[in-house]
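Asker: So you can see what is in the structure, the chains are spelled out below.
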Amino acid sequence: MDVGPLPQLIVSGILTGLLFALISVGLTLIFGVMDVVNFAHGEFLMLAMYATFGLGLIGLNPILALPVVVVAMFVLGALVYRFFVKRLLAGPPEAVVFGTFGLLVFLQGAAQFFFTSDYRSVLNPPFSGTLHLGGIAIGEAQLAAGLGALVLIAAIFGFVEYTEPGRALRALSEDRVAAQLMGIDVQRMNAFAFGLGIACTGAAGALLMLTYQAYPRIGTEFALTAFVVVALGGFGSVHGVLLGALLVGLVEVLGGYYIAPALKMLPVYALYLAVVFLRPQGLLGRR
Amino acid sequence: MTNSTPLIAVRDLEVDYAGVRAVQGLSLYASRGEIVALVGANGAGKSTLLRAISGIVRAASGAIAFEGENIASFEPHTIVRRGISHVPEGRRVFATATVRDNLLLGAYVMRDRAERERRLAAALATFPRLQERLDQRASTLSGGEQQMLAIARGTMSAPKLLMLDEPSLGIAPLVIPAIYAGIREIARSGTTVLLVEQNVREALAIADRGYVLQTGRVVAEGTGADLAGDPLVQKAFLGL
Numbered sequence: 001m002d003v004g005p006l007p008q009l010i011v012s013g014i015l016t017g018l019l020f021a022l023i024s025v026g027l028t029l030i031f032g033v034m035d036v037v038n039f040a041h042g043e044f045l046m047l048a049m050y051a052t053f054g055l056g057l058i059g060l061n062p063i064l065a066l067p068v069v070v071v072a073m074f075v076l077g078a079l080v081y082r083f084f085v086k087r088l089l090a091g092p093p094e095a096v097v098f099g100t101f102g103l104l105v106f107l108q109g110a111a112q113f114f115f116t117s118d119y120r121s122v123l124n125p126p127f128s129g130t131l132h133l134g135g136i137a138i139g140e141a142q143l144a145a146g147l148g149a150l151v152l153i154a155a156i157f158g159f160v161e162y163t164e165p166g167r168a169l170r171a172l173s174e175d176r177v178a179a180q181l182m183g184i185d186v187q188r189m190n191a192f193a194f195g196l197g198i199a200c201t202g203a204a205g206a207l208l209m210l211t212y213q214a215y216p217r218i219g220t221e222f223a224l225t226a227f228v229v230v231a232l233g234g235f236g237s238v239h240g241v242l243l244g245a246l247l248v249g250l251v252e253v254l255g256g257y258y259i260a261p262a263l264k265m266l267p268v269y270a271l272y273l274a275v276v277f278l279r280p281q282g283l284l285g286r287r
Numbered sequence: 288m289t290n291s292t293p294l295i296a297v298r299d300l301e302v303d304y305a306g307v308r309a310v311q312g313l314s315l316y317a318s319r320g321e322i323v324a325l326v327g328a329n330g331a332g333k334s335t336l337l338r339a340i341s342g343i344v345r346a347a348s349g350a351i352a353f354e355g356e357n358i359a360s361f362e363p364h365t366i367v368r369r370g371i372s373h374v375p376e377g378r379r380v381f382a383t384a385t386v387r388d389n390l391l392l393g394a395y396v397m398r399d400r401a402e403r404e405r406r407l408a409a410a411l412a413t414f415p416r417l418q419e420r421l422d423q424r425a426s427t428l429s430g431g432e433q434q435m436l437a438i439a440r441g442t443m444s445a446p447k448l449l450m451l452d453e454p455s456l457g458i459a460p461l462v463i464p465a466i467y468a469g470i471r472e473i474a475r476s477g478t479t480v481l482l483v484e485q486n487v488r489e490a491l492a493i494a495d496r497g498y499v500l501q502t503g504r505v506v507a508e509g510t511g512a513d514l515a516g517d518p519l520v521q522k523a524f525l526g527l
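As you go down the protein sequences, you meet chains A and B in turn.
All residue numbers for the first sequence refer to our numbering, where the first residue is 1 and numbers rise by one.
All residue numbers for the second sequence refer to our numbering, where the first residue is 288 and numbers rise by one.
Hints listed in this document are in silico derivations from the structure and should not be mistaken for laboratory results.
Among these hints, one or two may not hold up.
Between beta-carbon pairs, the in silico distance windows are [claimed, not checked]:
no., chain 1, residue 1, chain 2, residue 2, range
1, B, E472, A, V75, 45 to 53 Å
2, B, T292, A, V75, 41 to 49 Å
3, A, F98, B, R298, 42 to 50 Å
4, B, L421, A, Q281, 25 to 33 Å
5, A, P92, B, E402, 37 to 45 Å
6, A, R217, B, G457, 23 to 31 Å
7, A, F106, B, A382, 36 to 44 Å
8, B, A492, A, D175, 29 to 37 Å
9, B, T365, A, D118, 50 to 58 Å
10, B, E472, A, L64, 55 to 63 Å
11, B, A492, A, A274, 57 to 65 Å
12, B, E354, A, A274, 33 to 41 Å
13, A, F98, B, T427, 20 to 28 Å
Computed list of chain B residues with no C-beta within reach of chain A, every gap over 12 Å [to be verified]:
no., residue
14, V307
15, E354
16, S360
17, R368
18, K522
Covered stretches of chain B, as calculated for chain A (at least 3 residues, CB under 8 Å) [unchecked claim]:
no., stretch
19, 380-386
20, 490-496
Idealized CB from N, CA, C, for every residue including glycine.
Turn these sequences into a full structure, and let the hints steer you where they fit.
Answerer: Structure below.
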């Protein structure tokens with residue numbers, strides 16, 4: 001039986017899905033710990049992509065730039081929490097929605113202003129070849145980005161599951177009051193979680209620059225997918241994100257091929273609607 | 288009464304909860320090593336008092352002196368570090384975490400790994416049923432076992448004061464003696480216990496002293512035996 005391009009598409013879908021997972025795990029972490037839907041998540045990704053581009057100008061390729069960008073985005077995230085989100089949380093519930101949405105508009109506008117709307121790609125891509133494995137052709141850059149994302153997702157899972165700060169994050173996401181009674185400093189852990197969530201966009205941004213170009217609106221495209229992934233997997237569920245992201249990656253790639261490239265997101269949203277109707281808490285969500 | 292300062296002394300405390308002044312000018316104290324029972328009907332302000340002591344809700348006025356220091360404006364995590372542990376109403380164990388992770392979270396403020404292991408061993412000795420469930424998720428435990436876990440978790444930070452809110456509420460009657468035996472053992476090891484209960488008979492039997500609360504005020508106090516023999520208490524709470 002001739003399966004045609006199917007194996008190729010599946011590999012491509014999985015690699016795409018892994019990058020979605022890395023972006024989305026940051027979003028779900030922030031939501032899980034402090035109930036904040038970070039509408040500006042994609043804009044942090046955009047900033048990370050520009051940062052990677054900038055580091056390329058001084059000779060660091062995206063892989064070498066990744067640790068620098070991750071640390072910088074962690075610090076930025078913790079500061080944004082400390083001086084912005086923390087204040088929003090002290091206000092009415094709508095404040096967080098409008099506040100992070102405002103941040104999206106601000107960051108996107110600032111990027112338009114400072115970076116213009118030109119597309120920027122790294123000048124020194126470390127991977128440019130194509131691997132042929134049993135009839136499947138994979139771009140080395142795409143493979144490196146996917147595998148890099150996989151390693152980092154595994155590291156985040158391990159951190160959340162097996163370390164003491166990870167335990168505290170889980171406790172906070174499950175019962176904030178009980179966590180406080182354990183002696184967990186909520187404000188400090190919120191800042192840490194926000195930093196961690198934004199650091200995920202830092203890592204994803206650096207990896208994306210292996211294959212994508214940076215422009216001011218790129219964040220919105222990925223963020224939309226990340227919201228679908230998180231809702232699909234179950235808001236706040238770290239494991240659900242991986243499942244949701246792989247599903248979205250596969251459906252998007254298969255849909256793009258079998259339907260039409262311009263309509264590749266159509267089956268993704270159809271799947272999303274189906275899950276929302278049949279299982280509103282997401283595939284692995286609780287409550 | 289001893290002439291040393293009490294471990295905790297609450298003075299003229301006023302606390303609002305859910306838009307109501309739930310605690311109204313309340314004063315009480317507990318000395319080191321005592322078991323002090325707080326009894327009273329629903330809405331008497333018992334849980335609100337514990338929440339104010341642990342910093343989950345802010346007192347409107349009054350003082351909470353712990354080891355001579357007014358902690359009324361402290362953050363909850365600071366209060367835990369000072370040595371106060373609050374086992375809240377409804378247990379509130381971390382359901383998706385394992386029993387072991389729940390216990391280790393109880394020792395969150397404890398930096399010394401060896402000391403944490405010692406506390407874990409002590410907690411498991413007090414409630415041996417948790418030993419065989421260490422790697423199970425807390426959600427798989429029965430209500431009584433979850434209560435044991437909540438109390439054991441509360442002891443993991445080696446508190447000077449352990450506050451228990453309704454430890455027998457909704458627990459199968461068969462399991463209650465094991466829970467109370469555990470509370471007695473914790474008190475014997477030197478921990479001061481503030482025990483909120485609707486199960487008045489059980490609470491007064493175990494307590495050195497007790498307070499009867501009504502609409503946010505203390506309306507009677509005395510030794511556990513005195514209160515249990517008080518006609519008012521008997522009529523209102525013991526159905527005699």
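Asker: If you test the structure against every hint from before, which numbers come out violated?
Answerer: As far as the earlier hints go, 6, 12, 13, 17, 20 are violated by this structure, in ascending order.
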